[in-house]
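So the sequences go chain by chain: A and B. Numbering that gives the first Met the number 0 numbers the first residue of the first sequence as 0 and each following residue consecutively. Numbering that gives the first Met the number 0 numbers the first residue of the second sequence as 0 and each following residue consecutively.
Everything labelled a hint here was simulated from the structure, so no lab data went into it. Treat the hints with care, since some could be wrong.
Said to hold, decoys possible - As a list, the in silico PhoX-like pairs of lysine-lysine whose alpha-carbon atoms are at most 20 angstroms apart:
| id | chain 1 | residue 1 | chain 2 | residue 2 |
| --- | --- | --- | --- | --- |
| 1 | A | LYS72 | A | LYS203 |
| 2 | A | LYS189 | A | LYS35 |
| 3 | A | LYS200 | A | LYS15 |
| 4 | B | LYS218 | B | LYS157 |
| 5 | A | LYS203 | A | LYS36 |
| 6 | B | LYS118 | A | LYS110 |
| 7 | A | LYS200 | A | LYS72 |
| 8 | B | LYS93 | A | LYS15 |
| 9 | B | LYS157 | A | LYS189 |
| 10 | A | LYS189 | A | LYS174 |
| 11 | A | LYS110 | A | LYS72 |
| 12 | A | LYS54 | B | LYS118 |
| 13 | A | LYS174 | A | LYS101 |
| 14 | A | LYS15 | A | LYS57 |
| 15 | A | LYS35 | A | LYS72 |
| 16 | A | LYS189 | B | LYS218 |
| 17 | A | LYS15 | B | LYS218 |
| 18 | B | LYS93 | B | LYS131 |
| 19 | A | LYS15 | B | LYS178 |
| 20 | A | LYS31 | A | LYS54 |
| 21 | A | LYS129 | A | LYS15 |
As the list claims (entries may be wrong) - Output of the computed footprint for chain A on chain B, the stretches with three or more beta carbons under 8 angstroms from beta carbons of chain A:
| id | segment |
| --- | --- |
| 22 | 84-95 |
| 23 | 133-142 |
| 24 | 194-207 |
Just so it is clear, CB atoms sit at the ideal spot from N, CA and C, and this is done for glycine as well.
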Amino acid sequence: MIGIIDYGVGNLFSLKSSFEAIGEEVFVSGDKEELKKASGLILPGVGAYSDAAEKLRKSGLDDFVRECAREGKPLMGICLGMQLLFEKSFEYGEHQGLGILKGQVVPMEGKLPQSLKIPHIGWNGLKFTKECPLFENITEGDCVYFVHSYYAVDCEESLASTTEYGEIMTAAVCKDNVYGCQFHPEKSGKVGLEILRSFSKLCK
Amino acid sequence: MITKRIIPCLDVRDGRVVKGVNFQGLSDVSSPVELGKFYSDCGADELVFYDITASAEGRALFTDILRQVAKTIFIPLTVGGGINTLDDFDRVLKCGADKVSVNSGAIRNPDLINAAAQKYGNQCVVISADVKRVDGVFRVFAKGGRENTGMEAISWIKSCVERGAGEVVLNSIDTDGVKGGFDIEMLRAVCDAVNVPVIASGGAGCAEDFVKLFNTLPKVDAGLAASIFHFGEVSIPELKKILKENNINVRL
Chain A
0 MIGIIDYGVG NLFSLKSSFE AIGEEVFVSG DKEELKKASG LILPGVGAYS DAAEKLRKSG
60 LDDFVRECAR EGKPLMGICL GMQLLFEKSF EYGEHQGLGI LKGQVVPMEG KLPQSLKIPH
120 IGWNGLKFTK ECPLFENITE GDCVYFVHSY YAVDCEESLA STTEYGEIMT AAVCKDNVYG
180 CQFHPEKSGK VGLEILRSFS KLCK
Chain B
0 MITKRIIPCL DVRDGRVVKG VNFQGLSDVS SPVELGKFYS DCGADELVFY DITASAEGRA
60 LFTDILRQVA KTIFIPLTVG GGINTLDDFD RVLKCGADKV SVNSGAIRNP DLINAAAQKY
120 GNQCVVISAD VKRVDGVFRV FAKGGRENTG MEAISWIKSC VERGAGEVVL NSIDTDGVKG
180 GFDIEMLRAV CDAVNVPVIA SGGAGCAEDF VKLFNTLPKV DAGLAASIFH FGEVSIPELK
240 KILKENNINV RL
């Protein structure tokens, strides 16, 4: 069973429902002992980076997530959850992430043409940069739903997919058993559900 | 590049979609769950549900319905209608809404926008404005377009964005229901004033109105409509095909 890590940021209703819609049993928990029993983990997240990183640390879930990643358990970060997998973020200052993946998170502000609005909100197409099991049942060019103002850079090691919004931006990453999506698969219609289905298969 | 969004809007009263709809293959055309699924399946990029219920019972029913919709449909959901407090935000977000649209509630208490943006993030707060020309000036109307607030609309919308609203739905009362096309002049004034996504509402009568909207005002992010979709006058797949043929980037 897949465990969705609840550390007090964001609403997990849609995420849980989307797994249920593809017939996967999931549970939501902030308890390490419970989460240990999971066959795979989802690290969700919306809101501010510093706040989320702090909540992970305070609950001791940061070490737990690192340990799971090391042990080889499938782990997928979504949106801010993906950004937390990297070493650090420059969202209002400089904040340490989990450091599971190489790379950092930087603001779009100042990097995009003036005509583009921040946040990047809406459906945008995926370009694949390497093979990744998450994309097994989707096609290059498929659109997924993004909502973010910061994006990951210097992450060539794990980069699996990009999208174009003024800049070429990291859309998804994968390295060994660790996966991440900047977009929201749980809000990306059939394409998103296929990505979650592929992740579920990795957790069997 | 990012795609232009097509958004059907459903008015819900006491748990049912109002304004009759007529679709083949739908067993219950006034069920928000069935209609929501129908639109999601045919390529809508987002759904907006407006709760036009007046009673507390109806509101509880709406919350139940919303939860069912959010369990069935995996595209962004925006909810509006009767949003006056942070508790109202909380109530609909917990049921699976992604964004909450405020209108009269923000006119009564503009600080609601600041508080909600701070708590849930700018991307979650949508300012919906009903605007009408009065003696050549854009004025904001409250209470579903019935009451002139006397406020100048562009400065009102700008102030809402400064307070933290992450998206604007502009509904032109002048073009609403006329089916003669979107209110390009009013939309242009808003697009020039803010740098957050702008959703055009009011006036769509045919697919060409959307083509004209996105071609004339590339800064508009989305087109919202109700009856032309509900009555099948414009089908979403057909509309998107036409947009694509006109080199407007859409999700197919």
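Evaluated hints:
no.: 1; hint: A:LYS72 - A:LYS203; in the structure: holds (11 angstroms)
no.: 2; hint: A:LYS189 - A:LYS35; in the structure: violated (30 angstroms)
no.: 3; hint: A:LYS200 - A:LYS15; in the structure: holds (16 angstroms)
no.: 4; hint: B:LYS218 - B:LYS157; in the structure: holds (16 angstroms)
no.: 5; hint: A:LYS203 - A:LYS36; in the structure: holds (13 angstroms)
no.: 6; hint: B:LYS118 - A:LYS110; in the structure: violated (27 angstroms)
no.: 7; hint: A:LYS200 - A:LYS72; in the structure: holds (13 angstroms)
no.: 8; hint: B:LYS93 - A:LYS15; in the structure: holds (12 angstroms)
no.: 9; hint: B:LYS157 - A:LYS189; in the structure: violated (36 angstroms)
no.: 10; hint: A:LYS189 - A:LYS174; in the structure: violated (24 angstroms)
no.: 11; hint: A:LYS110 - A:LYS72; in the structure: violated (36 angstroms)
no.: 12; hint: A:LYS54 - B:LYS118; in the structure: holds (16 angstroms)
no.: 13; hint: A:LYS174 - A:LYS101; in the structure: holds (10 angstroms)
no.: 14; hint: A:LYS15 - A:LYS57; in the structure: violated (24 angstroms)
no.: 15; hint: A:LYS35 - A:LYS72; in the structure: holds (10 angstroms)
no.: 16; hint: A:LYS189 - B:LYS218; in the structure: violated (28 angstroms)
no.: 17; hint: A:LYS15 - B:LYS218; in the structure: violated (35 angstroms)
no.: 18; hint: B:LYS93 - B:LYS131; in the structure: violated (34 angstroms)
no.: 19; hint: A:LYS15 - B:LYS178; in the structure: violated (40 angstroms)
no.: 20; hint: A:LYS31 - A:LYS54; in the structure: holds (14 angstroms)
no.: 21; hint: A:LYS129 - A:LYS15; in the structure: violated (28 angstroms)
no.: 22; hint: 84-95; in the structure: holds (count 4)
no.: 23; hint: 133-142; in the structure: violated (count 0)
no.: 24; hint: 194-207; in the structure: holds (count 3)
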